[in-house]
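Student: Read off the chains here:
There are 2 protein chains.
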Amino acid sequence: MFKKRHNIKEIEEGKYLSPKFDENGLIPVITTDFKTGDILMHAYMNSEALKKTIETKEAHYWSRSRKKIWRKGQVSGFIQKVIEIRIDDDQDSVWLSIDIGNGASCHVGYRSCFYRSIPLGKINDEEEVKMEFKDKIKIFDPKKVYKDEPNPTKL
Amino acid sequence: MFKKRHNIKEIEEGKYLSPKFDENGLIPVITTDFKTGDILMHAYMNSEALKKTIETKEAHYWSRSRKKIWRKGQVSGFIQKVIEIRIDDDQDSVWLSIDIGNGASCHVGYRSCFYRSIPLGKINDEEEVKMEFKDKIKIFDPKKVYKDEPNPTKL
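Residue numbers (the working numbering), protein chains in the order written: chain A, 1 to 155; chain B, 1 to 155.
The set of hints was computed from the structure by calculation and includes no laboratory data.
Treat the hints loosely; a few may be bogus.
Which copy is meant is left open, so a pair is good if it fits within one copy or across any two.
As the list claims (entries may be wrong) - Straight line, CA to CA, 25 Å or less: simulated PhoX-like cross-link-like pairs of lysine-lysine: (1) Lys130 to Lys68; (2) Lys122 to Lys147; (3) Lys4 to Lys81; (4) Lys130 to Lys15; (5) Lys15 to Lys68; (6) Lys35 to Lys9; (7) Lys35 to Lys20; (8) Lys3 to Lys136; (9) Lys68 to Lys143; (10) Lys154 to Lys122; (11) Lys57 to Lys15; (12) Lys136 to Lys35; (13) Lys20 to Lys136; (14) Lys134 to Lys144; (15) Lys67 to Lys20; (16) Lys35 to Lys68; (17) Lys35 to Lys134; (18) Lys130 to Lys147; (19) Lys138 to Lys51; (20) Lys20 to Lys68; (21) Lys147 to Lys3.
Because the structure is a prediction, the values reported are computed rather than measured.
Take these sequences, add in the hints, and give me the full structure.
Tutor: If you want it as structure tokens, here you go:
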């Protein structure tokens, strides 16, 4: 189903899907809100998750913490309806444009996972870098929604 | 300069930058056009590239093919001026919003690396998946711009 990668010109300029999965069998995925264009999350797919996403038009990822296919929204109810999928020049990353209605994609409760901004300019090596919260409104309460599910964030 | 990761609550809800670099010392980066919101590219930074990007306000990446810090636009002239940097909930991916004026970010010549769209729906396992070109206009001719530089796309 996915074309073998045997020619760089074909990978870059050809019409056939030949995704490159890394040494762990994964490809990085950027997920954006099709209405606002905002980046919602960054995740990974394996070959099966990519196939399921294309076929069901619902985002499926590979959960690195749980080591299994993850139908996004299975627990929270915030299913991601796929509007468009694109792939990049060397076919080693994927862009999903999705619809989550008024829902959220971040397990912490925010609409987007990217709710903090890093200040620009000279860094003092002795000091920590203090960020700014750009989004302060949680769409849901993770404790109520996820209950006893383990937190995917790892040290 | 980057806070040590020793508490999940602090990583997710705290103000301090404590990025997680993977087993190769890299963090994935999504780069968007600050004007249109379009995704331009997906790349990686090591700790030094992230620091240089924050301090110089010009995007620096880690080139996995060339194994060195890569000041984007050094060869092509399409320098990426950083407008904003965000980090996600578990601090293992970065979003750069940048200004490249009327330039391009894709080494193949297109404005964005994501110029092909994957059709949705049932896949026939026996057939290859044929994509659609969403962007057909090259901003520059890679042969003229990169000359003898090696192509970063790998099989």
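Student: Hint by hint, note whether the structure agrees.
Tutor: Each hint, compared with the structure:
1. With identical chains, the CA atoms of Lys130 and Lys68 are never at most 25 Å apart, being 34 Å at best within one copy and 28 Å at best between copies.
2. In this assembly of identical chains, Lys122 and Lys147 lie within 25 Å of each other by CA distance neither inside one copy nor across copies; the values are 42 Å within and 35 Å between.
3. Taking the shortest Cα distances, Lys4 and Lys81 never come within 25 Å of each other, neither inside one copy (28 Å) nor across copies (37 Å).
4. Taking the closest pair of Cα atoms, Lys130 and Lys15 come within 25 Å of each other only across two copies (5 Å); inside a single copy the shortest separation is 45 Å, beyond that limit.
5. Taking the closest pair of Cα atoms, Lys15 and Lys68 never come within 25 Å of each other, the shortest separation being 30 Å inside a single copy and 31 Å across copies.
6. In this assembly of identical chains, Lys35 and Lys9 lie within 25 Å of each other by CA distance neither inside one copy nor across copies; the values are 33 Å within and 30 Å between.
7. Taking the shortest Cα distances, Lys35 and Lys20 never come within 25 Å of each other, neither inside one copy (29 Å) nor across copies (30 Å).
8. With identical chains, the CA atoms of Lys3 and Lys136 are at most 25 Å apart between copies only, with a shortest distance of 22 Å across copies and 44 Å within one.
9. For the identical chains of this complex, Lys68 and Lys143 are intra-copy neighbours only, at 22 Å inside a copy versus 43 Å across copies, given an alpha-carbon limit of 25 Å.
10. In this assembly of identical chains, Lys154 and Lys122 lie within 25 Å of each other by CA distance neither inside one copy nor across copies; the values are 29 Å within and 35 Å between.
11. Proximity of Lys57 to Lys15 under the C-alpha cut-off of 25 Å is restricted to the intra-copy arrangement: shortest distance 21 Å within a copy versus 36 Å between copies.
12. Taking the shortest Cα distances, Lys136 and Lys35 sit within 25 Å of each other both inside one copy (20 Å) and across copies (24 Å).
13. Taking CA atoms no more than 25 Å apart as the test, Lys20 paired with Lys136 passes between copies only; the shortest distance there is 23 Å, against 37 Å inside one copy.
14. In this assembly of identical chains, the alpha carbons of Lys134 and Lys144 lie at most 25 Å apart only when taken from the same copy (24 Å versus 42 Å across copies).
15. In this assembly of identical chains, the alpha carbons of Lys67 and Lys20 lie at most 25 Å apart whether taken from the same copy (20 Å) or from different copies (19 Å).
16. Taking the closest pair of Cα atoms, Lys35 and Lys68 never come within 25 Å of each other, the shortest separation being 29 Å inside a single copy and 37 Å across copies.
17. In this homomeric assembly, Lys35 and Lys134 come within 25 Å of each other (Cα to Cα) both inside a single copy, at 19 Å, and across copies, at 18 Å.
18. For the identical chains of this complex, Lys130 and Lys147 are neighbours neither inside a copy (31 Å) nor across copies (42 Å), given an alpha-carbon limit of 25 Å.
19. Taking the shortest alpha-carbon separations for Lys138 and Lys51, neither the intra-copy value of 32 Å nor the inter-copy value of 30 Å comes in at or below 25 Å.
20. Taking the closest pair of Cα atoms, Lys20 and Lys68 come within 25 Å of each other both inside a single copy (19 Å) and across two copies (22 Å).
21. In this homomeric assembly, Lys147 and Lys3 never come within 25 Å of each other (Cα to Cα): the closest approach is 42 Å inside a single copy and 29 Å across copies.
Comparing the model with each numbered hint stated earlier shows that hints 1, 2, 3, 5, 6, 7, 10, 16, 18, 19 and 21 do not hold.
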